[in-house]
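Trainee: The residues making up each chain are set out below.
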Amino acid sequence: MALNIAYLAVIAALASAAVALGADFRRSGLARIAMFLLLGVSGVAATVAGGWALLENLKLTEQLALGLPWLHWHLRLDALSGFFFAVVGLLLVAVSLYGPAYVRELEGGKQPLAVLGLFTGLFAAGMLLVLLADDAFAFMVAWELMSVSSYFLVTHQHQNAPNRRAGFLYLLMAHVGALAILLGFGVLAGHGGNFTFDAMRAADLPPLWASIAFALAFFGFGMKAGLVPVHAWLPEAHPVAPSHISALMSGVMLKVAIYGFIRVSYDLIGDIQWQWGLAVLIVGTLSALLGVLYTLMQNDLKRLLAYSSVENIGIVFMGLGLSMIFLGTDHPVLGVIGLIAALYHVLNHAVFKGLLFLGAGAVQYRTHERDLERMGGLIHRMPATAALFLIGCVSIAALPPFNGFVSEWLTFQTALQTPKLESGVLRAILPIAAALLALTGALAAAAFVKVYGVAFLGKARERRAGHAREVPAGMLAGMGLLAVLCLVLGILPTTVIGVLENVPRLLLGQVPPSLTAHGWLWLTPVSAEVASYSAPLVLAAIAITFFVGRVLLRRKANPVRRGAPWDCGFGPLNARMQYTAAAFAQPIRRVFGPVWKVQEQVEVTHAEAPVTLVSGIRHQLHISDWSWFKLYEPIGRLVLAGARRIGRLHSGSIRTYLMYSFATLLLLLWIVT
Amino acid sequence: MSAVPEPAVAWLLAAVQTLLFIAAAPLLAGWVKRVKCHMQNRAAPALIQPYRDLAKLFGKDVVMAENASWLFRATPYVVFGAFVLAAAVVPLVAAHLPTAAIADMIVLVGFFALARFFLALAAMDIGTAFGGMGASREMTIASLAEPAMLMAVFTLAMIAATTNLSVVIEHNLHAGLVLRPSLLFALLALAMVAVAETGRIPVDNPATHLELTMIHEAMILEYSARHLALIEWASQIKLMIYAALIANIFWPWGIAEEFTVAALALGTVAISAKLALLAIVLVVWETVMAKMRLFRVPQFLGFAFLLALLGMLTHVILETGA
Amino acid sequence: MNLAQLTLYHQALLFAAALVLFTSFIMLATARIQPLIYAFAWQGTLLAVVTALVALVSDHPHLYISALLTFGLKALLIPWMLHRLALRLNIMHEIEQIAHPSIMLMAGAVLVIFSYYVATPIVHLSTLVTRNTIAVSMAVVLLGMLLMVSRRKAVAQVIGFMSIENGLFFAAVVATYGMPMIVEIGIAFDVLVAMVLFGVFFFQIRASIDSLDVDRLNRLSEKGE
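Chains as they are written, first to last, in our numbering: chain A, 1 to 673; chain B, 1 to 322; chain C, 1 to 225.
Mixed in with the good hints, there may be bad ones.
[To be verified] Far from chain C by the CB rule (all over 10 Å, computed), these chain A residues:
1) V48
2) H191
3) E369
4) G424
5) V425
6) A428
7) I429
8) I432
9) H650
10) Y657
11) F662
[Claimed, not checked] With a cut-off of at most 25 Å between alpha-carbon atoms, the simulated DMTMM-like pairs for lysine to aspartate or glutamate come out as follows:
12) B:K291 with C:E96
13) B:K291 with C:E165
14) B:K60 with A:D198
15) A:K630 with A:E470
16) C:K153 with C:D59
The set of hints was computed from the structure by calculation and includes no laboratory data.
Backbone N, C-alpha and C fix where the C-beta goes; we use that ideal spot for every residue, glycine too.
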């Protein structure tokens, strides 16, 4: 039954793609609504099917008569895929609420709406199929469907050259990653006998081959997930897609890559070695830290959010790395806590990043701006959007009692269980990773103070920001759903974890009783003595102080008077005197200087009469990612040089080509004999 | 755990302790100011001057900047709420109170971050350069202080095998006289972080209103009347929280473990004496130090982080061994 | 190993060892010459304390002599000579620009973990009560080298060199309860002679290149400038 609902989700997504083809004909409004309605149906069905499989810990398998003659498609829905199914479903629901109003703007534009709708549906179907696949062939087909359809979404506004470039980069890197994944499956299938996941699960790999398979999977899925240093495509590709697609890409497509990683390393390979965990932890920590540092320096709202995805994926992989270290050193209980922390962060990031991208879309919808320096004061013009966006910011900055905090807290708690490890060096390294996570969290808070403070607070920096209006109710509903989820996931962690525990139960066969042992009110990762956190009480206490304070103080008070702010006595302040986004990040830029490639130019022009008087200052700041200059460009040059060498073979003369064929033939004949 | 009390009594005591904490915070601030004046040969204000200031502020009418939104009005209450909650979690007179289980040391850091986040947003809400400047500096310093603070917390957590404050304190109380280099390093690191986080010299000067050097004051420049009172009170609570944390974790002697009148009285006397002494140390420190440039602060906090890291490493290398 | 079960002297030994490590970090973080010399003197003092405590804990009376020798030489005599030298060269208050001070400190912390990693097999073999401090002594050696690598002023480099010697002596004390007396006295005199030579050398360098910045010695290479 649950599997049938899952099929319904896929079919509804495909139907949405089909319906979208009609969107550019007459009565396009109908097609637009039908397309998002079907996407919504798909989302609801995916949530129900996934939630069901997760709650009941189902393990449903089926073979469909599709695919290769000797390898029918094996499909499977279990707790792990169910969890990710539900995550995708939730975001699809939010997007389908948000979409109809949002794409109205694109109607009649240069880009056909039909293309957008078609590939959105295919993209959703591709993601859902990846989660359902139970053999390598079906997995790769679905994976390619997901990658290729998202390529068309990235290049949707292909009139701009940067978008085409971003799309090409995305496609290239997606395929390098896919190649690694394919090779990884090849190693597993070689030992398992065939391409079904069941055979791979049953295969007994020698440690060396297991490590090779793991390394390939880590590289391939890590590339798709956007880990440093193979993250460069992500901040290029995610921002240029329409915002609801960005929300899907950042919110759930990266999660599908994490799903693949968990599926291959925990489930298919099985015997986890702690060295893998250490590698994952180090890469995850680097991604988290560099991701947030790059986040801080961005002034393009959507690019900033994309970099922040790198950071959050890093946090997820930190949790996974800790979990693998503990599993590899025979501490299954702690391994489970790490895995749950990672899964919880997957869910949280999907929700708040989805919310923030939709919020960025709402801002763009009304102001046509992505540059923070041209926004400001939107809290007055778009109060509901501002309130919802604030919830997203508080959640992503990992502040209690919202959801981001819970998963980071769990990751901290996992890292703090190091005294139980045998190796002293690991005992010393794990707390350092945790401290870097603390740095990441604090910098993320700074980054989102910057985003919210510059975009929504203060005064409007440009006319368009000053004339913005609130967005339509449908868009607010999409964001509102996710905002409510942020709060619910934050204050009821114990309930959520009670459900999530089915994933480790499936993968590792056991769960610790302690996490939820003290009822819904108390979250106790190891035991009540070691650490406890009660989010409902935190919320209640803050709310009580808030309202008691307000009631006591406001009762007899006179109404608030308004006055001009302090201007040092120099006359009226204007919007240009505010701190800019670049200025806000300047101290951090100075402190962590070498992390970025910073090109800064200040030109001061002096007035003519008193030369000491400055008449104008021009400040140019260009901050770029070192990985371009240190990693991609050298590789690019290498590939080009290699291609040029090979290019010399192409003389253009047909007789030369015939000679190549002749020589090959002779060589082959020689080898055969 | 020894002598687990009746839940109702325990919750009542926890509430009383929290109220005591909030009520005593201005007193500590007054004491610091008084000792400082004495040390610098100035006429000292009365010990209860902070209460008078608060009362005066609560009585005034609010004037708010033209551009301020609802966020600006809500922030003082959020900030105050976060610090009251933090105060409820920190053991002052007695350990083992049920409120200590609501949040551990990591969540405590989270409360501080919550308050700071909203304060920085409120600063940017008005749309003046001062607000942005204060917010930017505060977030920079905080983002460097937080890892140092958590590293020190991790060292404590590894020694006591818990992040629960009550259990840490109890562990240190019953450990007897053990020379732990890790505790010394953690103490120094925590003290440096406390100085930075509570905006004391050499990181920030609580008394300055010089535009270019202020950090915390720049953020709250536009607040007035009851809003300002709440924020001032909250920062006094913050100072008290750090002082109580340092006092009770590193010198837990005297804290009440049983809920008898004698034990509680002893606990009250003990914490008062400890806080009074710590305040004197703070004053001496503030008097001999000069305020440092903003871009020296990262080095200051980097050193704090290093101390905390050394604490953790010496714990791993020397105290537990291979 | 449970710290609380050890004797108080033993705890004090570990405590002093941690402080020796700390002084190495202080030296790494200090930009001015005068505090650098003081930090070096403190390291010598703490090293003498460690040696005396090892003598007490392990019941090796000859280490008391080593402790006295260390105190006299490394806490008093060499710092005094350095101090006098710095006064005469008039560089007491010079501030050296350290490129990335925080990165340097973090690199130092990484070195501590590395030496812990390297020392672990030795520690497992050893049965001495001081075995846990072997990693720390190794870290002091490595930190001394880091100090030499990261500084440009000749005086700071000499202090780094002396600090390496401190680390080696520390390692000898905690890993094997000291070297034979005659070797120790020999090394002590070697260090002293080295110090005297460095003193002469400084004046020579300054006379010939007008600076104590060792980067300026690059000019001596054949490429020239």
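Trainee: With reference to the structure, classify each hint as holding or not holding.
Mentor: Hint by hint, here is what the structure shows:
The claim that V48 of chain A lies off the interface holds: its Cβ sits roughly 49 Å from the closest Cβ of chain C, which is beyond the 10 Å cut-off. At roughly 33 Å, the least C-beta separation between H191 of chain A and chain C is larger than 10 Å, which holds for a residue marked as non-interface. The claim that E369 of chain A lies off the interface holds: its Cβ sits roughly 37 Å from the closest Cβ of chain C, which is beyond the 10 Å cut-off. Against the 10 Å criterion, G424 of chain A falls within the reach of chain C, whose nearest CB is about 6 Å from its own CB.
Residue-level check failed: V425 of chain A sits 5 Å from the nearest beta carbon of chain C, not beyond 10 Å. Listed as outside the interface, A428 of chain A is inconsistent with that label: its C-beta sits roughly 5 Å from the nearest C-beta of chain C, within the 10 Å cut-off. For I429 of chain A, the non-interface assignment is contradicted: its Cβ lies about 7 Å from the closest Cβ of chain C, within the 10 Å cut-off. Not every Cβ of chain C is farther than 10 Å from the Cβ of I432 of chain A; the closest lies at roughly 8 Å, contradicting the non-interface assignment.
Chain C leaves H650 of chain A outside its interface by the beta-carbon criterion, the shortest separation being 45 Å against a cut-off of 10 Å. Its beta-carbon lying about 52 Å from the closest one in chain C, Y657 of chain A satisfies the requirement of being farther than 10 Å from that chain. Residue-level check passed: F662 of chain A sits 55 Å from the nearest beta carbon of chain C, beyond 10 Å. For the suggested pair K291 of chain B and E96 of chain C, the alpha carbons sit about 21 Å apart, so the restraint of at most 25 Å is met.
A C-alpha spacing of about 37 Å is found between K291 of chain B and E165 of chain C, which places the hinted pair above 25 Å, so the restraint is violated. A hinted pair counts as satisfied when its Cα atoms are at most 25 Å apart, and K60 of chain B with D198 of chain A does not qualify at roughly 74 Å. Distance restraint check for K630 of chain A and E470 of chain A: the Cα-Cα separation of roughly 44 Å exceeds the 25 Å cut-off, and the hinted pair is therefore not satisfied. Simply put, K153 of chain C and D59 of chain C have alpha-carbon atoms about 42 Å apart, too far for the 25 Å limit, and the pair is violated.
Hint compliance for this structure: hints 4, 5, 6, 7, 8, 13, 14, 15, 16 are broken, all remaining hints hold.
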